[in-house]
Amino acid sequence: MTDDRKERFADLYQFARPKILAYVLRRRSSPADVADIVAEVFTIAWRRFEDMPGGDANLLWLYVTARHVLENHGRSLRRYSAAVGRVAEQLARTATHVEPADEAAIVAQLCLASLPEDDREILMLAGWEGLNSSELGEVLRCTPTAARLRLHRARARLRVEVFDNTPASSSVALGHSSTEPAPCAATPREA
Amino acid sequence: VNRVPALGSFDPIDTGAVQRVAEHPAFDALFDEIVGRPLGGPSTASEDATTPPAPLTGPISHYRVVHPVRLGVAALLLVVVAASIAFVLNSPGGLQGPVTTSWRAAQPFTRVLHGRSPSGTWRLTDHLLTGTWQQNTAGPPPGTLSCPSASTCYVMSGDFSSAIAGAQMLSESLYVSDDLGATWSSFPTPSGFASHGPLSCAGDLDCASGGTYQGQPVLLTTTDGGHSFTIYPYPSSDGELYSLSCPTAETCVGLAAMSTSTAGDIGLSLDATLLRTTDGGESFTDSPIERGDSMVALDCSTAANCVAVGHADADVSDLTAGVVATTTDGGAQWMSGQLPAGFGIFDSRLSCADSLHCMMTGLTANIDGQGVVSDLASTSDGGLSWSADALPANVPSPQLSDVACASATECWATGSEAIPQQVGRAYDAGSSMLIGTTDGGMTWSKVAFSVPSTAPNAYGQSYLSIGSISCPSTSVCVALGEAAQSSPTAPVYTLQSPTPS
Numbered sequence: 001m002t003d004d005r006k007e008r009f010a011d012l013y014q015f016a017r018p019k020i021l022a023y024v025l026r027r028r029s030s031p032a033d034v035a036d037i038v039a040e041v042f043t044i045a046w047r048r049f050e051d052m053p054g055g056d057a058n059l060l061w062l063y064v065t066a067r068h069v070l071e072n073h074g075r076s077l078r079r080y081s082a083a084v085g086r087v088a089e090q091l092a093r094t095a096t097h098v099e100p101a102d103e104a105a106i107v108a109q110l111c112l113a114s115l116p117e118d119d120r121e122i123l124m125l126a127g128w129e130g131l132n133s134s135e136l137g138e139v140l141r142c143t144p145t146a147a148r149l150r151l152h153r154a155r156a157r158l159r160v161e162v163f164d165n166t167p168a169s170s171s172v173a174l175g176h177s178s179t180e181p182a183p184c185a186a187t188p189r190e191a
Numbered sequence: 001v002n003r004v005p006a007l008g009s010f011d012p013i014d015t016g017a018v019q020r021v022a023e024h025p026a027f028d029a030l031f032d033e034i035v036g037r038p039l040g041g042p043s044t045a046s047e048d049a050t051t052p053p054a055p056l057t058g059p060i061s062h063y064r065v066v067h068p069v070r071l072g073v074a075a076l077l078l079v080v081v082a083a084s085i086a087f088v089l090n091s092p093g094g095l096q097g098p099v100t101t102s103w104r105a106a107q108p109f110t111r112v113l114h115g116r117s118p119s120g121t122w123r124l125t126d127h128l129l130t131g132t133w134q135q136n137t138a139g140p141p142p143g144t145l146s147c148p149s150a151s152t153c154y155v156m157s158g159d160f161s162s163a164i165a166g167a168q169m170l171s172e173s174l175y176v177s178d179d180l181g182a183t184w185s186s187f188p189t190p191s192g193f194a195s196h197g198p199l200s201c202a203g204d205l206d207c208a209s210g211g212t213y214q215g216q217p218v219l220l221t222t223t224d225g226g227h228s229f230t231i232y233p234y235p236s237s238d239g240e241l242y243s244l245s246c247p248t249a250e251t252c253v254g255l256a257a258m259s260t261s262t263a264g265d266i267g268l269s270l271d272a273t274l275l276r277t278t279d280g281g282e283s284f285t286d287s288p289i290e291r292g293d294s295m296v297a298l299d300c301s302t303a304a305n306c307v308a309v310g311h312a313d314a315d316v317s318d319l320t321a322g323v324v325a326t327t328t329d330g331g332a333q334w335m336s337g338q339l340p341a342g343f344g345i346f347d348s349r350l351s352c353a354d355s356l357h358c359m360m361t362g363l364t365a366n367i368d369g370q371g372v373v374s375d376l377a378s379t380s381d382g383g384l385s386w387s388a389d390a391l392p393a394n395v396p397s398p399q400l401s402d403v404a405c406a407s408a409t410e411c412w413a414t415g416s417e418a419i420p421q422q423v424g425r426a427y428d429a430g431s432s433m434l435i436g437t438t439d440g441g442m443t444w445s446k447v448a449f450s451v452p453s454t455a456p457n458a459y460g461q462s463y464l465s466i467g468s469i470s471c472p473s474t475s476v477c478v479a480l481g482e483a484a485q486s487s488p489t490a491p492v493y494t495l496q497s498p499t500p501s
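For the protein sequence lines, the chains are A and B, in the order given. Just so you know, the first sequence maps onto residues 1 to 191 in the numbering used here. Just so you know, the second sequence maps onto residues 1 to 501 in the numbering used here.
These are calculated hints, taken from the structure and not from any lab test. Careful: at least some of the hints might be erroneous.
Claimed, not checked - List of simulated lysine to aspartate or glutamate pairs, EDC-like, C-alpha gap at most 16 Å:
1. 6(A) / 32(B)
2. 19(A) / 56(A)
3. 19(A) / 11(B)
Owing to the predicted nature of the structure, the values given are computational and were not obtained by experimental measurement.
Just chain A, with the same shape it has in the complex:
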C-alpha cells in the first residue's frame, strides 16, 4: 500500500460517497442497511482500486458494484463495525427521504415499484442517477443502443402502469384527493 494509492482513493471517496450514498438510499431505507452497503461498496473499491478503470468511469464501476452488493445483501452477511454504526446513526438522524410531492408522484412511485426489477433499475439510473445511454450501457452491461431501447420499453411500461392505475375520470395531474388511486402492486423503495 502506498500513500499515493491512499490519496487517489481518498479523492475518489470524497467525490463518490454522496453519489453512492444517494444510490443506496434510493433503494434501501434502513439506515443500518444503507451504511453497511455503502461500506461494503467502498471496501471492494479499495481492494480492487488498481483494477478500476480510472477517471469518470470509476463512478460507473462503483454503481455496478453497488448494484451487485445490493443484490447480495442479506441479513446474515451484516457485520457492523463501529464506523459503520456511526454512519448508520448519522443517517438515522437525518431526514434523507422526502414524501412524494403530490398524488401523481405517489402513483408514479407505486407504479415504478411494481415494475420488473430490470425496468425499475434502468428508470432509476436514468431519472435519478442521471446516467445517459452510454453510461446506462456500462452499468447494465449492454450496448448504448440496447440501453436506449430498454429505457424506452421501461418508460412505456411505466406509462401503461400509471394509465391503468389512474381513475378514468381524473387525471393524475389533477390530484383528486377523494379518489384513491388504484395502488400498483408493490410499495416503493423497498421493492
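For chain A, the structure is supplied; the task is to place chain B on it using the hints.
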C-alpha cells in the same frame, strides 16, 4: 391522462440532505477504517460472487500500442495536415469552401492486447450456408462499416479517452481492409474532423462520411482510398448528417437535422432535411421530404431511387406511427408507402438491393410475451408496400442493429439476443446475433455460434452485439462487432463462400 411525471420529480431522497450527511465526520471515520483493513485478506462474498470484471479498463489511447517512431510520424503527419487546412480558418465562419489534405501512406493497423488471450479466428455454424461465417477478434475499433466491393471494406471509427459519453476523442481514422476484414490499415482523418456515424463507400477508392470539422457540419470524402481527404462544407443551417447513402462516387444523399434525441430520448432526428450532391460534394441541394420530416434512415440503390423511413411529425413519440417515402427521381418528388400494421420505427436501418427490393429493421410488440422486440420488414415494389417478416423462433428478444441486402433474395441482419454468455472475465446478459434469408425475407435463419471463453474481451462488450454490416455482393458480407467506444478493437465477422445452388 396517461402522462407520467418526470422521474426526477418523484426522487424519494433529498439530494441536498444526502450531500450534507455525506460530509459528516462519520464518513471520514469509515474511510479510515476501510483503508486500514489489510489488502491481502479474504474478499467478501459480494465481491467474489457478483462484482463484475472491471467494466471499463480505463482510458486507452489509440496510440498506446503504436511504436514510438510511428507515433512521431503520425504526429508529424497530423501537423502537416493541420497546416494544410489552417489557411481556410481565416474567418469566423470556418470553412468557406472545400479543402483537400495532402497524400499520405496507410498506417498498418495491429492490435496487441497485452496480457490477454491471443486474437484468433473462429468458424461459425451457419444453417443457411454451412460453415461459411467466421469471426476474427482483431478488427478496428467499433464504428461504421461500408464495403463497396468484395475486395475492399472501410470502417470509420474514433478512438476515445474513455467509454463515457462525451469523452474526448483522441483521433478519428478511416480503416481499410482488402482481405474481407482479416487485416486492416488506417488513415487518420484531418485533425478537427469528427464523424457522426454515417459512412458510405460507392467504389473501392471512393468514400464519404458526414460529420463536423471544428464544429461545422461537413461532408468528408476520399477518392483515393483514404490517402487524401477533402472536406466539403455545406449550409450549417441544414444541421449534421446522420444518414448517408452514396450510390455513385459523385452522388451522395443524406439526412441532416439540427437536433436529435429530443423526443423522449428515443433517438429521433427532428426536422430532417434531404441533402444531396451530384458532384462529389462541390455543391449541395437541400429539400424537405414530402411526408414525415422526422426521418430516421435512408438508402439509395441508384442516384434516382431512394427510400427513407421515419416518424410522422404529428406524434414522433409514437413508435408505431412510422412513415416511409420513396422517390424515383433523386428526391424531387416523394411517394408515401405503407408500413405493416403495428410495425414500429426505432433507430431503424434500411438496405436496398435494387430499385425494388429493400429491407428495414424496426420494432414489433408483444411477440410471445417478449414485449417490444426488433423485427424486419421487406418491400418488393420500391417501398410502396411493406410486409413484416417472421424472425426465427430460436432468437429470444432480438435487438437488431443493422441489415444489409446483397441481392433481392439474400439479406443479413445483425444485433443481439437474450442468451447469456461469459467471455473472458465479462458475463453478459446477451449475445451477438446474426440472421440471414435467401428467399427475400420469407424465412430467416440464425447463424449459430459461440464465442470461446478464452477470446480476448478486455473491454467486456466485444461479443454483446454485432453492429454495422455490409454485403457488396451475393454471399460476400462483412460485419463489425459493437463494443465500448474506447475499445481499441472489435471482432470482425466475415461471410465468404458462394451460396449453394
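For this structure, which hints from the list above don't hold up? none
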